[in-house]
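The hints should help you fit chain B with the ligands onto chain A, whose structure is shown.
Here is how the chains run, residue by residue.
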Amino acid sequence: MNTYLQLSEVSIDFPTPKGPFRALDKINLDIVKGEFVSLIGHSGCGKSTVLNIVAGLHQATYGGVLLEGREVNSPGAERAVVFQNHSLLPWLTAYENVELAVKQVFKRTKSKAEMRAWIEHNLELVHMTHAMDKRPDEISGGMKQRVGIARALAMEPKVLLMDEPFGALDALTRAHLQDSLMEIHRDLGNTVIMITHDVDEAVLLSDRIVMMTNGPAATVGEILAIDLPRPRQRVELSDDAHYNHLRHEVLAFLYERQRKVEDFSAAKKARDRATDAPSGRSACAV
Amino acid sequence: MNTLSLSQLRRNPARLIPGPARLQSLAMALMLPAAGLLIFLFIWHSAANMIDTSLGKFPGPAQVWEQSVNLAAEHSAERQRAHDFHERQALRNAERLAADPAAMVEIRPYTGKPTFFDQIGTSLVTVLSGFILASIIAIPLGILIGLNQTIYIAINPLIQLFKPVSPLAWLPLVTMVVSAVYVTNDPLFSKSFLNSMFTVLLCCLWPTVINTAVGVANVSKDLLNVSHVLQLNALTHVFKIVLPSALPLMFTGLRLSLGIAWMVLIAAEMLAQNPGLGKFVWDEFQNGSSNSLGRIMVAVLVIGFIGFLLDRTMLLLQRRVSWDKNAILR
Ligand SMILES: Nc1ncnc2c1ncn2[C@@H]1O[C@H](COP(=O)(O)OP(=O)(O)OP(=O)(O)O)[C@@H](O)[C@H]1O
Ligand SMILES: [Mg+2]
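Going down the list, the protein sequences come from chains A and B. Letter 227 of the first sequence, counting from 1, is numbered 229 in my numbering, and no numbers are missing. Letter 152 of the second sequence, counting from 1, is numbered 176 in my numbering, and no numbers are missing.
Excised from the complex, chain A in its bound form (with noise of 0.2 Å):
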């Protein structure tokens, strides 16, 4: 298959007091196009550094990001981001916040009403149309959260970028979302890089689940292929064999390595401590 998006041994400094601090190293992680494919890692290996440097938010000390072929270096409307605690502008209602976005992609291509109808149309496929005039601070967090997707659908992006957009939802709300971005993914066919912490979300949704090892110097662990026919339903697939068996697999992937690692790595730091020879990698953990 021909790569689309393409993160070619992706590494990180990150300045700090003590001397450059190595956030990642190392990533390397192809993508084909329409591609759903799910971070899974411990908190703070730098799974949104990753999405960060996709985004062209950060810049890769080495290595890069090449997408259809050309490099990544700033942030660009093709690269639409998600963000993790929805990132409103509390001063603009919903629809505002998305025609803000909107205006920035097709202010040559889209008249007024078309650009109207647009933006209506995509709170519409996030079910917000009944509330497009309210302001965040009006809204439910769910409902927010569903503004951010509708901003970031809007801008018709190559690849969407999601930081664990469900991450401070209830889980009603959350399968809800579930959901509502399957249908979106299946009728528009984006390519999606998504954060999660949810073992059950990421099977249903992806199509590869891309583990990261546990930072400094995190890497992708292993790669797990999702091969569960679509269209998914989550109430058909929990008593579904397969998907409980790549649920299991995920799961003892991250907790059996997680145990054996942890051990591995404390009694590995105590050994560097001793030596002062680099410190070994260990895998990460939910």
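Keep in mind that the hints were calculated from the coordinates and are not lab data. You may find that some hints are simply not true.
Calculated cross-link-like contacts (lysine-lysine; reagent style DSS-like; alpha-carbon spacing at most 25 Å) [as the list claims (entries may be wrong)]:
no.: 1; chain 1: B; residue 1: K264; chain 2: A; residue 2: K109
no.: 2; chain 1: A; residue 1: K109; chain 2: A; residue 2: K136
no.: 3; chain 1: B; residue 1: K245; chain 2: A; residue 2: K136
no.: 4; chain 1: A; residue 1: K136; chain 2: A; residue 2: K114
no.: 5; chain 1: A; residue 1: K20; chain 2: B; residue 2: K245
no.: 6; chain 1: A; residue 1: K114; chain 2: B; residue 2: K264
no.: 7; chain 1: B; residue 1: K245; chain 2: A; residue 2: K105
no.: 8; chain 1: B; residue 1: K215; chain 2: B; residue 2: K137
no.: 9; chain 1: B; residue 1: K349; chain 2: B; residue 2: K264
no.: 10; chain 1: B; residue 1: K264; chain 2: A; residue 2: K136
no.: 11; chain 1: A; residue 1: K136; chain 2: B; residue 2: K349
no.: 12; chain 1: B; residue 1: K264; chain 2: A; residue 2: K112
no.: 13; chain 1: A; residue 1: K160; chain 2: A; residue 2: K109
no.: 14; chain 1: A; residue 1: K160; chain 2: A; residue 2: K35
no.: 15; chain 1: B; residue 1: K245; chain 2: B; residue 2: K264
no.: 16; chain 1: A; residue 1: K105; chain 2: B; residue 2: K264
no.: 17; chain 1: A; residue 1: K112; chain 2: A; residue 2: K160
Keep in mind it's a predicted model, so treat the numbers as computed, not measured.
For chain B with the ligands alone, kept in the frame of chain A given last:
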């Protein structure tokens, strides 16, 4: 029983505070300040009776009230004189024109002594001119140094140096510069007005500059990321992201500036003998009649009250432009 009363409450939230209690809290809101005022007046009255100055007893509330009535009367008398003067002049000119249609008639302005109310007007115009001009300079400057770390590092020492300078130190310099630079035969503004205004301007720039800069520099990282991903241009970035974020701190700065402007103006007017409330106070002090202290006290109260009104006006303006109508402003 419990659910019933709850649903009733929900339908009518005003019931959360029972009628009598609400009345009580309203009464408290009016009674307490009134009580405070009465106690203040009583202490003022008793203290004033005990202070003997070279100009007689220190004025108590009664004398001050009497003087404020006098000042109002003097004002209407002066207005009447001006009115009469203009009428006489018009009549005289009309007679002259009737006798000789080719006669050159001249219209002279009335040159009376400015009354207390004229001085209030002068001071208000001066303070607002200085403040508005200062804001026009300070807000863009604050935005610039808030956005750009390099410019901030370059300019910050200067701001820190000039911020604490007393208006009285600026005044002689401003006066000399204005009379050297502002030379015209037909002045649109009087020099005294310009002196006071520029002194006010120089002193009230800083709070707005500093607070705007802090507000701009502290725009949330998340919103900055949104701006980057959307690739907003500089103008949209400032108007859609930076200014709304910085607005509360900007207004804090503007209110501080206006407060300083008003205090500085009175001092500058006193020192430079420029028309305004400050000059009124100084003239009364020099005058030294038995009424002077009472009249100065009237001026003191009026200065305080105008300062209060200016601040309230800014607060109203902030409510008007603020996007967050629920923010508690005080
Ligand atoms: N700007 C920065 N400067 C220095 N260190 C940073 C910076 N940003 C991130 N880091 C470090 O890089 C590592 C990865 O951070 P990152 O935010 O990517 O983690 P994450 O996997 O997204 O965690 P979480 O799941 O909690 O969101 C952390 O150790 C963090 O301290
Ligand atoms: Mg993160």
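Hint check:
With a CA separation close to 16 Å, the supplied pair B:K264 and A:K109 stays within the 25 Å bound. Proximity of A:K109 to A:K136 is assessed by CA-CA distance (about 24 Å); at most 25 Å being required, the pair is judged to hold. Of the pairs offered as hints, the one joining B:K245 and A:K136 holds, with about 23 Å between alpha carbons and a cut-off of 25 Å not exceeded. Between A:K136 and A:K114 the alpha-carbon distance is near 21 Å, which keeps this suggested pair within the 25 Å criterion.
Between A:K20 and B:K245 the CA atoms are separated by roughly 24 Å; this keeps the pair inside 25 Å, and the hint holds. In summary, the hint linking A:K114 to B:K264 is supported, as the alpha carbons are separated by about 19 Å, within the 25 Å threshold. Our distance criterion of 25 Å between C-alpha atoms is met by B:K245 and A:K105, whose separation comes to about 22 Å. For the given pair, B:K215 sits about 18 Å from B:K137 by alpha-carbon distance, which is consistent with the 25 Å threshold.
At most 25 Å may separate the alpha-carbon atoms for a hinted pair to count; B:K349 and B:K264 meet this at roughly 18 Å. Restraint check: the Cα-Cα separation between B:K264 and A:K136 comes to about 17 Å, which is no more than 25 Å; the hinted pair holds. At roughly 13 Å between alpha-carbon atoms, A:K136 and B:K349 fall within 25 Å of each other, so this suggested pair holds. For the proposed pair B:K264 and A:K112, the alpha carbon gap of about 21 Å is at most 25 Å, so the pair holds.
As the CA atoms of A:K160 and A:K109 are separated by approximately 18 Å, the hinted pair is consistent with the 25 Å bound. With a C-alpha separation of about 9 Å, the suggested pair A:K160 and A:K35 falls inside the 25 Å cut-off, and the hint holds. The straight-line distance between the Cα atoms of B:K245 and B:K264 is roughly 15 Å, inside the 25 Å bound, and the hint therefore holds. About 13 Å separates the Cα atoms of A:K105 and B:K264, which keeps this hinted pair within 25 Å; it holds.
Among the hinted pairs, A:K112 with A:K160 is consistent with the structure: their alpha-carbon atoms are about 18 Å apart, no more than 25 Å.
Of the numbered hints listed earlier, not one is contradicted by the structure.
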